[in-house]
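K.L.:
Take a look at the letters that make up each chain.
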Amino acid sequence: MRLTQGQFSFLPNLTDEEIRAQIQYALDQGWVVAVESTDDPHPRNSYWEMWGQPMFDLADAAGVMLEVKACRREHADRYVRVIAFDSRKGFETVRMSFLVNRPAREPGFELVRTEGPGRRVQYTLRSYATAAPPGERYRA
Amino acid sequence: MTFPARTLDAPSPATVDLDALYTGAGIGVLLKRIDRELIGLGPVKTRIREIAALLLVERARRTLGLHAEPPSLHMCFTGNPGTGKTTMARRMADILHGLGYIRRSQVISVTRDDLVGQYIGHTAPKTKDVLKKAMGGVLFIDEAYYLYRPENERDYGQEAIEILLQVMEDNRDDLVVILAGYRERMEALFRSNPGLGSRIAHHIEFPDYTPEELLLIAEQMVAEMQYRFDEGAAAAMREYIARRMRQPRFSNARSIRNALDRVRLRQASRLFAARGTALDPMALQTIRAEDIRQSRVFSQ
Numbered sequence: 001m002r003l004t005q006g007q008f009s010f011l012p013n014l015t016d017e018e019i020r021a022q023i024q025y026a027l028d029q030g031w032v033v034a035v036e037s038t039d040d041p042h043p044r045n046s047y048w049e050m051w052g053q054p055m056f057d058l059a060d061a062a063g064v065m066l067e068v069k070a071c072r073r074e075h076a077d078r079y080v081r082v083i084a085f086d087s088r089k090g091f092e093t094v095r096m097s098f099l100v101n102r103p104a105r106e107p108g109f110e111l112v113r114t115e116g117p118g119r120r121v122q123y124t125l126r127s128y129a130t131a132a133p134p135g136e137r138y139r140a
Numbered sequence: 001m002t003f004p005a006r007t008l009d010a011p012s013p014a015t016v017d018l019d020a021l022y023t024g025a026g027i028g029v030l031l032k033r034i035d036r037e038l039i040g041l042g043p044v045k046t047r048i049r050e051i052a053a054l055l056l057v058e059r060a061r062r063t064l065g066l067h068a069e070p071p072s073l074h075m076c077f078t079g080n081p082g083t084g085k086t087t088m089a090r091r092m093a094d095i096l097h098g099l100g101y102i103r104r105s106q107v108i109s110v111t112r113d114d115l116v117g118q119y120i121g122h123t124a125p126k127t128k129d130v131l132k133k134a135m136g137g138v139l140f141i142d143e144a145y146y147l148y149r150p151e152n153e154r155d156y157g158q159e160a161i162e163i164l165l166q167v168m169e170d171n172r173d174d175l176v177v178i179l180a181g182y183r184e185r186m187e188a189l190f191r192s193n194p195g196l197g198s199r200i201a202h203h204i205e206f207p208d209y210t211p212e213e214l215l216l217i218a219e220q221m222v223a224e225m226q227y228r229f230d231e232g233a234a235a236a237m238r239e240y241i242a243r244r245m246r247q248p249r250f251s252n253a254r255s256i257r258n259a260l261d262r263v264r265l266r267q268a269s270r271l272f273a274a275r276g277t278a279l280d281p282m283a284l285q286t287i288r289a290e291d292i293r294q295s296r297v298f299s300q
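Chains as they are written, first to last, in the working numbering: chain A, 1 to 140; chain B, 1 to 300.
To be clear, the hints were calculated from the coordinates, so they are not data collected in a lab. Be aware that a few hints might be false.
[What the hints assert, rightly or not] SDA-like mimics (lysine to any residue), calculated; alpha carbons at most 25 Å apart, straight line:
| # | chain 1 | residue 1 | chain 2 | residue 2 |
| --- | --- | --- | --- | --- |
| 1 | B | K126 | A | V32 |
| 2 | B | K126 | A | F56 |
| 3 | B | K128 | A | D28 |
| 4 | B | K126 | A | A59 |
| 5 | A | K69 | B | R103 |
| 6 | A | K69 | B | G121 |
| 7 | B | K126 | A | Q53 |
| 8 | B | K126 | B | S192 |
| 9 | A | K69 | B | P70 |
[Claimed, not checked] Just a sample of chain A residues kept apart from chain B, beta carbon distances all over 12 Å, derived:
| # | residue |
| --- | --- |
| 10 | T4 |
| 11 | R44 |
| 12 | S46 |
| 13 | R88 |
| 14 | E106 |
| 15 | F109 |
| 16 | V112 |
| 17 | E136 |
For every residue, glycine included, the Cβ atom is placed at its ideal position computed from N, Cα and C.
The shape of chain B in the complex, shown without the other chains (with noise of 0.2 Å):
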C-alpha cells in the first residue's frame, strides 16, 4: 500500500517570462559577478553564458509543459594551471543551483588519490563514498588524467573511471561531474576511454592569462588582502610578470599569487627592520618596488 499521489496536475500556463525566470534564479547576478570578479577569460565566460541560456529556456520549456530529456550536465574544463577553473567550478555550481538543476550549492573537489584505493577492493568503496558526498552537488575531479594510467594495465584507476560512469548515467539528476585538466592529457584520457567522453556534453577551454589581465588580477589580489601598489610598485610588478612568464613552471594566477605572498613577507621585513619610526596605516599597507624587485626572478 501507498500514499495517494499528491501532486496534483496544474493546468500549464499559456506562456512564460524568460526574463522573470532570469531575474528571479538570480543568475543576472551571478553571471554580473562573474563577469565582475574574474578577469579575463572571455571564451570561458562566453561558454558559460550560453550554457547558462540553455538551462533557462530548458525550464522554461518544462513550466510549459513540453518535456524533453534533462540537458546532460557533465562538464570538462581544460586548461594550464592557475587559469581559474576551480573558482569557475564553484561559479558554476552557483548557478546550477540558481536554476534548480542541482539541490545545493556545495562542489566536493577530489583528486586520485581520493578516488582510487592501494590494493584490490580498496577502489570500489572509496570512489563510492565521494560519489556519495558529492550527490546533490557538484563533484569537480581536479587533474581527472591521472585517473587513467595507460602505462600500468592493473592499474585501479580504471574501476573508479567505470564507477563513476555508472553514477553519471543513473544519476543524472542528483549529480554533476566536472573533470578538469591539462587540455592533452585530457583528450588522451578520452581517447583511451570513449564512454567518457561521449557522457560529458560541454567541454570548455581556459586561455591563458595575458600579461595585462595578469597585472589586472595582481591588483585586484592585493586589493583583497587590502594593500596598495605604490607608482614604483605597479611598473615593478609589470615587469617581474613579464620576467616570471619566460621562467619554467609559470602557472598563471597561481603564480602571482604566491609571488605577492613573498612580497608581504619582504614588506613585513622591511618594516621590521626599520622598527623605532611610528607606523601609520599607509605604511603598513604599502608595497614599495624594493618589495618586488628583490625577487628572486630579477637577479636571473
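With the rest of the complex left out, here is chain A (with noise of 0.2 Å):
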C-alpha cells in the first residue's frame, strides 16, 4: 500500500528536477530546508530522524540535493522526506513537507480493533511494517 504522506504523495514519485524545483521554490521563500528519514510511518508518528542538520544560508536547490541523494543512498530501505521551515514571525512551523524516497515494498497499515467495557470498540492504526525492529524494516 503507497504511502499518502504530505504534499505530492497522490501524484507519481516527483523526478530529481522536479523535487529540485520545489527546494528552490522553498529557498526563494526564505524558509529552511531540513532532510528527514523514518522506518516507521505511522501518521502519527512526527519524530523523524534528521539527515544533519537544516540548512540554513542556502541559496540554491543544488546543495540540498546532495544531501538528499547522500540520505537516500545511506537509507535506500526507509522513507525520506524534505521539510521547509518557515521562521517568521507568525508562521514558526513547517510550510511544505514531501517524500522523496520510499522503501521498495510497502506492506501498509492493519486496523486494530480493541474492544472495551460495554462492547465499545476502539480503532486505531498498526503498520505492518513496524512488527519487525528498528533497522529490520523494510529488508527486501
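Could you fit the two chains together into a complex? Lean on the hints.
P.N.:
Printed below as a string of C-alpha cells:
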C-alpha cells in the first residue's frame, strides 16, 4: 500500500528535477530546508530522524540535492522526506513536507480493533512494517 | 513511475547570431563596465574578454545542437595584494551569470578558516556547508595556498582540498571555484596537489599597478566618496604614491584606500579645528595638500 503523507503523495513519485524545483521554491521563500528519514511510517509519528542539520543560508537547491541523494544512498530502505521550515513570526512552522524516497515494498497498515467496556470498539492503525524491530523493517 | 518527458526536441536553428547573443546576454555592457571602472589590469581584461568569447561561442554551438563537454570554468587568480582579484571575481560572476553558466551571480568569499576545522571530523562538514552555500554561484577562496600546510602532514587542509576537488569535478554545472593568492605560493600549492592544478582551466595573473594607474585609482575613489583634490593635493598624492611604493607592506589599491581614509580623517580634524567659520559644500569636499603631506610616509 502506497504511503500518502505530505505534499504530492497522490502524484507519481517526483523526479529529481521536480524535487529540485520544489526545494528552490522553498529557498526562494526564505524557508529553511531539512532532510529527514524514518522506518516508522505511522501518520502520528512526527519524530523522524534528522539527516544532518537544517540547512541555513542556502541560496540554491543544488546544495540540498546533494544531501537528499546522500540520505537516499544511506537509507534506501527508509522513507525520506524534505521539509521546509518558515521561521517568520506568525508562522514558525513547517510549510512544506514531501517524500523523496520510499522503500521498495510498502506492506501497509492493519486496522486494529480493541473491544472496551460495554463492547465499545476502539480503532487504531498499526503498520505491518513495525512488527520488526527498527533497522530490520523493509528489508527485502 | 515518472512523469513523461516534457522537453520536446525542437529542431535546431540553421544559423546563430553571435552579436544577438552578445547583446542579449548583456555581456558587452558588462565588459565595457569592467573596462571603464577598473583601471589598468590590461592583461587581465584581455583574458576575461577571451574567456567571455569562448563561453559565448560555446553557447552558440549549443544552440545549433553541437554538443561538447561543458567548458571547465574553475579559475585561479594570482597576484599581489590589492590588485583587484576579489573585484574581478565579482565581475566574473556577473559575466558567467549573464551567459547562463551559473544560476545566480552570487560570490561566496571564504578563506582557510571557513573551510578547515580544528579537530578530526570537523573539516568535512564545515567544507561541505560552505560548498552548499556557494552552489549555483561562484566560490571565491582567498589566500587559497593556506589550505595546504606542507610543514604539518596531519593538517586538515588536505581533507578540505579533497572534498573541494570532488565537488569541482562532480558539480561542474552547479559551482565555479575561483582560487586567489600570491603567485609563488599558489604554484607551490598546485605542485603539491597536481589534481587541483589540472582541474583549473584558467590561470590569470594580476600585474601590479603603475604609479599613474594608482593615481587614477585614487582620483576615482575620491570622486566616489564625493571628495575632490585641489591642485596641490593631486601633486601631493602623486608624491605620496611614489614614496609609499618604496615602503614595505605596500598593497596596491588597498594601500591607497587606507591612505585616503586617513586623509579624510585629517581633513575632518582640520575643518573641526577651524570651526566658527561658515563652511560651504566646496570646503567640505576639498582635500588640500596639507591633509596628505601630514602623512607618516613623508616624514620617513
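K.L.:
Please go over all the hints and tell whether each is borne out by the structure.
P.N.:
Results for each hint:
For the proposed pair K126/B and V32/A, the alpha carbon gap of about 18 Å is at most 25 Å, so the pair holds. For a cut-off of 25 Å, the pair hint linking K126/B to F56/A stands: about 13 Å separates their Cα positions. Between K128/B and D28/A, the direct Cα distance comes to roughly 21 Å. Compliance with the 25 Å bound is thereby established for this hinted pair. With a CA separation close to 17 Å, the supplied pair K126/B and A59/A stays within the 25 Å bound.
In summary, the hint linking K69/A to R103/B is supported, as the alpha carbons are separated by about 21 Å, within the 25 Å threshold. Between K69/A and G121/B the CA atoms are separated by roughly 21 Å; this keeps the pair inside 25 Å, and the hint holds. Taking the CA atoms of K126/B and Q53/A, the gap is near 12 Å; set against the 25 Å cutoff, the hint holds. The hinted pair formed by K126/B and S192/B meets the criterion: a straight-line CA distance of about 23 Å does not exceed 25 Å.
Pair hint K69/A plus P70/B holds up; C-alpha atoms about 23 Å apart against a cutoff of 25 Å. At the 12 Å boundary, the C-beta of T4/A stays outside the reach of chain B, the nearest C-beta of that chain being 15 Å off. Interface exclusion of R44/A from chain B stands, the closest Cβ pair being 28 Å apart, more than 12 Å. With a cut of 12 Å on Cβ distances, S46/A stays outside the contact zone with chain B, its closest approach being about 26 Å.
The Cβ of R88/A lies farther than 12 Å from every Cβ of chain B, with a closest approach of about 21 Å, so its non-interface assignment holds. Its beta-carbon lying about 14 Å from the closest one in chain B, E106/A satisfies the requirement of being farther than 12 Å from that chain. For F109/A, the requirement that its beta carbon stay farther than 12 Å from each beta carbon of chain B is met, with the minimum near 22 Å. No beta-carbon of chain B is positioned within 12 Å of the beta-carbon of V112/A; the least distance is around 31 Å.
Distance to chain B confirms E136/A as a non-interface residue, since its nearest Cβ pair spans about 28 Å, more than 12 Å.
In summary, this structure violates none of the numbered hints.
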